[in-house]
Amino acid sequence: MTRLLRPISQLSIVAQLGLVLVVAQVLAHAITVIVMLWRFGEPGPETFVALNVAKMATVAELASTTSGPERAAILEAARRVQPAIWIIGDQQLRAGHGAFLVSTAVITSVSRFAPSIPAGARFVEVSPDLANPKPGDDLLALSLGDGTSMVFPINQAMFDVPFKVAVIGLSIAMLIVSILAIALWAVGTLTAPLRRVVAVADRFAVDLDATPMKAQGSAEIRTLVHAFNAMRDRIRDLIDSRSRMLAAVSHDLRTPLTRIRLRVETMTDGEDRTRILRDLKSMDVMIGQALSYLRDQTSAMARDRVNLAILIETICTDFSDADQPASFTGPRNVVITCEPDLLTRALSNLIENAVKFGGSAQVSLETRSPAEVAILVDDEGPGIVDAEKLLALEPFSRGDKARGESPSSGFGLGLAIARQIVERHGGSLTLIDRAPKGLRVQVLLPVERLDGQSPKAPTLAPPRTAAIDNFA
Amino acid sequence: MKNQNTILIVEDDAEIARSTARFLTDAGHRVIQAGDARAMDRALRDAKVDMILLDLMLPGEDGLSICRRLRSSHAIPIIMLTALGEEMDRVVGLELGADDYLAKPFSPRELLARIRAVLRRGADRQEGQVIEAKQISFAGWQLDPVTRQLRSPDGVRVVLTGAEFDLLAVFCERSRRVLTRDQLLDFTQGRNAGPFDRSIDTLVSRIRHKIERDPRDPEFIVTVRLGGYMFTPEVTSS
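Chain order of the listed sequences is X and F.
With the first letter of the first sequence counted as 1, position 14 gets the number 55 in the working numbering; the numbers rise by one all the way through.
With the first letter of the second sequence counted as 1, position 178 gets the number 179 in the working numbering; the numbers rise by one all the way through.
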């Protein structure tokens with residue numbers, strides 16, 4: 042049962058409530074019909090016939106007590122309800138048209154519903170003399186007591202079964218359509234606050250300082266909003282306290298480092314001094330790495346439209362200026378939306394690793410599709426064996442130990458930081474073996490922001506295809 | 002040092018303040034120390050100070066707040082010292098009016114180089130040579146000297162290395178004048194004493210690559226016969 046209901050439970054609330062309303066209404070309808078049938082029995086055609094006959098009997102009774110224009114007026118009025126009424130001489134009726142043709146059931150029910158039928162009532166067969174009664178119509182003749190009879194059909198087309206089905210079907214269809222329309226409107230109105238909550242939740246996902254939600258709407262929605270605002274405050278407190286802690290740790294660790302750094306300055310040049318300076322440097326790098334890894338997880342992203350080609354080229358220039366060979370190949374103008382400082386840190390880490398393990402870094406930029414660019418950082422170092430690849434991307438995993446890194450070079454957070462930054466941009470980072478040797482770090486980045494917050498592109502007037510051209 | 006500069010160190014860690022003071026004294030500067038904002042205010046009242054080394058994290062009023070306050074009343078150059086070392090802090094510090102920013106732990110040599118650069122710039126400023134501008138623009142490009150960002154006419158950020166930025170800034174400050182390589186070297190070295198400065202020609206070719214429509218046929222930075230360059234666009238500052 043639950044398994045059957047699961048697809049339904051995944052529909053939108055509007056669809057679910059609409060479905061519930063329709064099913065409930067149809068059920069209520071069905072129950073009403075069943076109760077009616079059980080209580081009163083099926084209203085067969087004879088019920089309608091009897092009602093019709095009873096009405097006509099009243100007309101005949103009135104007509105029999107009048108004559109001339111008065112009778113004509115009564116008949117005229119009756120014909121508005123029952124157009125086929127004829128006055129025929131008894132003589133004519135007797136001339137071979139007097140046989141009973143309707144079933145006993147009809148007669149029984151006629152007498153049940155219309156006890157006032159005059160004794161002289163007779164059922165007559167369709168007569169070709171009469172003005173076009175429908176074939177199969179039974180005619181009833183009621184004597185008016187002056188040698189004439191009032192003749193009329195007793196089973197009208199109105200009670201035909203197909204017509205009944207059409208009427209009932211139409212009414213049910215109308216019912217469902219109107220319920221659906223009302224349900225959609227009502228449920229849409231009811232769930233509007235819910236959709237607002239979702240929209241604000243989406244905004245919080247990017248910006249925790251967004252204004253808190255207003256608690257309005259139904260009791261449930263208000264409860265939800267309160268819970269949500271409380272959660273947001275809690276998350277913000279956690280992040281705030283973490284930022285304070287990071288700042289304090291950073292400050293408290295770097296202050297003694299600064300003291301030592303200054304003390305070392307008074308030492309005479311020599312082996313010890315060099316070693317201490319190197320250790321100080323690596324401790325500073327470690328603090329910086331750990332802090333930036335922790336901070337980058339939650340820091341706000343100041344996105345900007347950036348020429349990625351020039352950004353990468355500039356990083357490579359900075360490296361090669363520092364005698365760390367890094368080269369760049371690719372187009373000259375590739376504009377993407379990103380956080381340039383974070384991306385610079387990520388790419389610097391990758392290039393630094395490539396230089397460290399492979400002697401040099403070859404960086405290239407390709408556009409894979411109008412929506413995606415690929416940055417490839419290649420080296421010719423020993424690479425990373427498959428078993429270590431995933432580990433190498435994990436923070437504090439010592440994955441880099443697999444590459445023979447000395448303990449003095451930090452936590453080995455370079456790859457983990459790069460991966461975290463790339464993923465915050467909605468991209469991916471993969472390690473690929475190169476033939477015959479070496480490692481390729483492949484970074485795929487969306488051209489526009491794509492971190493699941495908003496499917497809408499930022500305010501760029503024309504739809505852009507990756508904005509790539511060699512404008513030379 | 003022809004004339005001794007007075008440097009005020011605002012730092013709550015006594016040992017760091019003392020050691021730094023010693024190096025600066027050895028380098029020929031006169032040094033005053035202050036442990037917090039109030040001591041700093043007193044020192045500023047009592048003496049003529051040429052530069053302030055300001056720690057970011059201080060007991061009481063913090064460095065950023067002091068920086069903002071000083072900027073509204075003094076023109077004294079400020080170098081911020083911070084143990085946070087985050088890009089954001091650097092930008093905020095510079096936007097609040099600090100002239101430079103140095104992360105702890107720093108090497109005294111680097112500190113001396115920065116002090117020299119900032120003092121030199123201060124001297125330039127007094128001669129009225131430097132455009133004091135929030136935003137520099139040329140031919141639709143925007144150069145922000147505080148955040149050190151360059152933006153193309155269609156608003157795309159174009160990243161420059163430190164040396165490239167400094168050279169472009171020098172060009173903007175002295176546009177439509179022929180500048181020799183020696184002059185350019187002289188103007189840029191004062192501000193960025195990085196050990197990896199490339200020759201002016203290399204930097205010019207890199208900047209051309211980033212801003213010229215056709216780097217082989219440059220419109221902005223043109224080569225002038227007999228050794229020199231000229232920055233041709235009209236430069237406005239706001």
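Careful, some of the hints might be misleading.
Claimed, not checked - Among the chain X residues that face chain F by a calculated CB cut under 8 Å, a handful are: (1) 237; (2) 291; (3) 295; (4) 299; (5) 314; (6) 323; (7) 325; (8) 344; (9) 347; (10) 352; (11) 355.
Said to hold, decoys possible - Label pairs and their in silico Cβ distance ranges: (12) F:203 / X:250: 41 to 47 Å; (13) X:320 / F:202: 38 to 44 Å; (14) F:154 / X:400: 56 to 62 Å; (15) X:400 / F:202: 26 to 32 Å; (16) X:427 / F:66: 32 to 38 Å; (17) F:29 / X:309: 19 to 25 Å; (18) F:203 / X:476: 30 to 36 Å; (19) F:223 / X:477: 44 to 50 Å; (20) X:477 / F:179: 39 to 45 Å; (21) F:13 / X:474: 37 to 43 Å; (22) X:272 / F:42: 19 to 25 Å; (23) X:242 / F:96: 20 to 26 Å.
Think of the hints as simulated: they come from the structure by calculation, not from any bench.
This one's a predicted model, so the numbers in the text were calculated from it and none came from an experiment.
We put the beta carbon where it would ideally sit given N, CA and C, even for glycine.
- Identify every previously stated hint that the structure contradicts and give their numbers, smallest first. 1, 5, 6, 8, 14, 16, 20, 21, 22 and 23
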